[in-house]
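If you want the building blocks of each chain, they are given just below.
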Amino acid sequence: MTTKVIQEFDGYNDIIRDIEACRKYGVAYTFDKDSVDQYINRLHPPQLRLRVSDIIEETPSSKTLRLVSQDHYLPPFQAGQYIALVLEIGAIRTSRPYSISSAPNQTGYYDITVRRVEGGLVSSYLLDEVKRGDILESSGPAGNFYHSPLFHSRTMVCLAGGSGITPFMSMIREVVECGLDRTVYLLYGNKGLEDAIFHDVLHDISERFENIHYLPVIENPPDGYEGHAGLITGNLIAGTLGDLRDKTFYLCGPQEMYDFCIPEVEKLDVPARRIRKEVYGAPVSICDYPGWPQEIRADDVFTVEVHGTATVEARASEPLLVALEKKGIVVPSLCRSGECSMCRVKILSGKVFQPAGALVRKSDRQFGYVHSCVSYPLEDLEVLI
Amino acid sequence: MEGYDVVVIGAGNGGLTASASLAQKGLNVLLLERHNIPGGCATSFCRGRFEFEVALHQLSGMGTSDKPGPLRLMLGSLGVLDDLEFVEMSDLYRVVVPDGLDVKLKADRSQVVEGLHRLFPQEREGIERFFDLCYRYANQMLAAFYFRDPDISRKKYPALYEYAFKNAKEVLDELFSDPLLKAVLSVYWGFLGLPPDRLAFPYLAMLFFTFIEFKPFHIRGGSQALSNAMVNKLLSNGGTVRFNCGVKRIIVENGAVQGIITQNGDQIPARYVVSNASQVSTYVELIDPEHVPGEALREMRGRSLSPSAFVVFMGFDREPGELGITDSTSFILSHTDITDLPYNQMRKLDINSDLMVLSCYDVADPQFSPQGACQVALVTLKFAEPWLRIPPTQYARAKYRCAEAMLSRVEEIYPDLRKHIEEIEVATPLTHMRYLGHPGGAIYGFEHHTKDALFFQPSRRSPIKGLYFASGWVGDAGFQTTLQSGASAAKGIIRELEHNGGTQ
Chain A
34 MTTKVIQEFD GYNDIIRDIE ACRKYGVAYT FDKDSVDQYI NRLHPPQLRL
84 RVSDIIEETP SSKTLRLVSQ DHYLPPFQAG QYIALVLEIG AIRTSRPYSI
134 SSAPNQTGYY DITVRRVEGG LVSSYLLDEV KRGDILESSG PAGNFYHSPL
184 FHSRTMVCLA GGSGITPFMS MIREVVECGL DRTVYLLYGN KGLEDAIFHD
234 VLHDISERFE NIHYLPVIEN PPDGYEGHAG LITGNLIAGT LGDLRDKTFY
284 LCGPQEMYDF CIPEVEKLDV PARRIRKEVY GAPVSICDYP GWPQEIRADD
334 VFTVEVHGTA TVEARASEPL LVALEKKGIV VPSLCRSGEC SMCRVKILSG
384 KVFQPAGALV RKSDRQFGYV HSCVSYPLED LEVLI
Chain B
587 MEGYDVVVIG AGNGGLTASA SLAQKGLNVL LLERHNIPGG CATSFCRGRF
637 EFEVALHQLS GMGTSDKPGP LRLMLGSLGV LDDLEFVEMS DLYRVVVPDG
687 LDVKLKADRS QVVEGLHRLF PQEREGIERF FDLCYRYANQ MLAAFYFRDP
737 DISRKKYPAL YEYAFKNAKE VLDELFSDPL LKAVLSVYWG FLGLPPDRLA
787 FPYLAMLFFT FIEFKPFHIR GGSQALSNAM VNKLLSNGGT VRFNCGVKRI
837 IVENGAVQGI ITQNGDQIPA RYVVSNASQV STYVELIDPE HVPGEALREM
887 RGRSLSPSAF VVFMGFDREP GELGITDSTS FILSHTDITD LPYNQMRKLD
937 INSDLMVLSC YDVADPQFSP QGACQVALVT LKFAEPWLRI PPTQYARAKY
987 RCAEAMLSRV EEIYPDLRKH IEEIEVATPL THMRYLGHPG GAIYGFEHHT
1037 KDALFFQPSR RSPIKGLYFA SGWVGDAGFQ TTLQSGASAA KGIIRELEHN
1087 GGTQ
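Protein sequence lines, in the order shown, are assigned to chains A and B. If you use the numbering used here, the first sequence corresponds to residues 34 to 418, in order. If you use the numbering used here, the second sequence corresponds to residues 587 to 1090, in order.
Simulated crosslink set (BS3-like; lysine-lysine; CA at most 27 angstroms straight-line):
hint : chain 1 : residue 1 : chain 2 : residue 2
1    : B       : K1077     : A       : K37
2    : A       : K280      : B       : K1005
3    : B       : K1005     : A       : K310
4    : B       : K741      : A       : K37
5    : B       : K1051     : A       : K37
6    : A       : K280      : B       : K985
So, partial list: chain A residues that the calculated Cβ filter (under 8 angstroms) puts toward chain B:
hint : residue
7    : A61
8    : H77
9    : P108
10   : S181
11   : L183
12   : D397
Residues of chain A clear of chain B, computed beta-carbon distances all greater than 10 angstroms:
hint : residue
13   : Q103
14   : E121
15   : A136
16   : E151
17   : L160
18   : E162
19   : A175
20   : D214
21   : G263
22   : D321
23   : V355
24   : K360
25   : G361
Note that these hints are calculated values from the structure, not bench results. Cβ atoms here follow ideal geometry from the backbone N, Cα and C, with glycine treated the same way.
Based on the provided sequences and hints, a complete structural model is requested.
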């Protein structure tokens, strides 16, 4: 009936002629089959296959793995971004994010620099088992820790701790190799001088380029050490920089470093909007985290029923994601620090502990979704993946 | 592999309402979503202490509980209203011309008319007639087609017969002489995707009518809250949802849907498939060519892709008032051309005097961002084509250059903006392409020229038996319409099942 009615509407015949012409001579969408994925793959391929082309010893506890593409293409990234390696170690399929330490102005290879974590499953595997020629699977580059020319200052104050140096290495390489109009102050904290990754490279760059300032800060320096000893304090920062205005602060390192350094920077009246912080994995000892319920002990074990599939046991001090992975249950993950929401699951029953700072959407909280990489069981759980 | 009554592909607005409605009716429903989060456009993302709203600027069709609009009624029947809070906006929009006019249009018929009278006294009569026409058109349209008048005639519905196939500019030209007023009254084309000389007038008329009658709304917690509430309802009605699970193929045999194959290769039988993916990828990528009906391809050939968008999301460490932001929805207008210039601007990479909208959710809902902070989405429409030609290594640079141009533009109106940016994220047409999977990153499905208006759109029911569409690709785009598209696809399936005798 509608068709009959609209035939009497003013202008109907012209429109019908237009429609007929367009259908005859219009867009052949079939020609563009798969083009959306193809275009997107240039920037964001769903996965990369990487070959270890070189392994470089950096310090007694760290190595750089130089990774080339097995598929002849590595997508561009912004200095400071990471890739997540997806690994199968024994029966466990897991992933770990590593900041790319090579410069973004070339994508012939990505360097990732791995430091040994005491008892760390993945770092031991990468440092002890992986050899030249091995093929690794990874995500494309991701992450939000990079210089934004839209609102960051041209002067970057980088505070690094331990392996947190890697994104800064990429940023500094880009600045010097591309001749960018930026000044970098890098304060790099380590327990001992021998732990400082890239020390010689950084020292050399800072000698050659007057816009790069490198200050190693050693907590337990050897006798007679003439550099800065102790921690990265507000006084040290203020003394190094002089004027604190119009500078953007970037922090990358372990949680203890943030706990110490952020208040130090804030004491200098640096507004929070000028302090950028990279995520750095789940807290190491969650039971010491503020708000952890005292009655729950690290080795308390709870059962986790995965709705409709399996039941696994999980320790209170272990992220839910890890407990699931150990039983061969794969939940996609990327940042493993609570930021990216890849490992989002719904808690159907039971309680979990979530440290502050996990970027969970408001309505996810309302409907019981958590990021399983930073959620710790406090009771028996039922979860929906 | 376990079979389902219905598999719904995609958890965008249409997929969500379709699956929630079907599960409510007792059907065994499986909803599949490629991403880790439901919503499609109706989603949010977190940066620092901000949760950014991705796509919802003004929700239409809500109304109040005393005077409910069609969308409120639909959400009510799905049972999600108790999980959500809606925030009413008192204004339609503000239009700012840098160094020129600054006007606010209230979401109230007499106030909007009065306000415009004051600024455009010589256009007094035209202003009255314009809103009168929008109302007459909308009322006639609803009476004739929504309430299904069995006896439609030109005598009963003169506005419908005269204006259904006119474009918006023809109507504006008929009523006004001041080009500035024409531009001010047609900025909503930014929410529809086509400049007024190409856009079917009924879209503009219906939008004014529905925003004035039922007011523009925002959702507390953003559109993600609505998407999450919908999934929650699906689950509590016994439905199943799988995230991180794309669909590779819709299996068709003898002209009828048999099921789907997921990206991981799982084959899942189903009697019905509702596609919330674009109509283009449904026919071109998900179904083997020999099963795609020629008539469907021919129909699609006649349509063109709508623009995508370039968006700068910003979080500030100040409240809106401290930045000079006084309105929820502000259009920034830099010229009064409503014909080829804006269309050509959308086809270019660079951003100059393009029409922009600045939405600040914290104005109507001070709890939207953390205390003492606020967020803004700054949007302009852009086609993806020039972005596809950028070599990958130049992409970030182009993105920053365009964002910078947009920022400088709004700084003319809000000079303190940049000083207080705490977070920023930029989405280009490629970003929309990536997250929506739409060809050309199109955010409004196909373009809505007069020839593509309502009456000429294909049915939600594909010629392939058992396949339904629920999206802005078959039907109109926008939140209200895509949400309704899923509900009506569900209705179609229920009706078909009842007709075939029983739901099992």
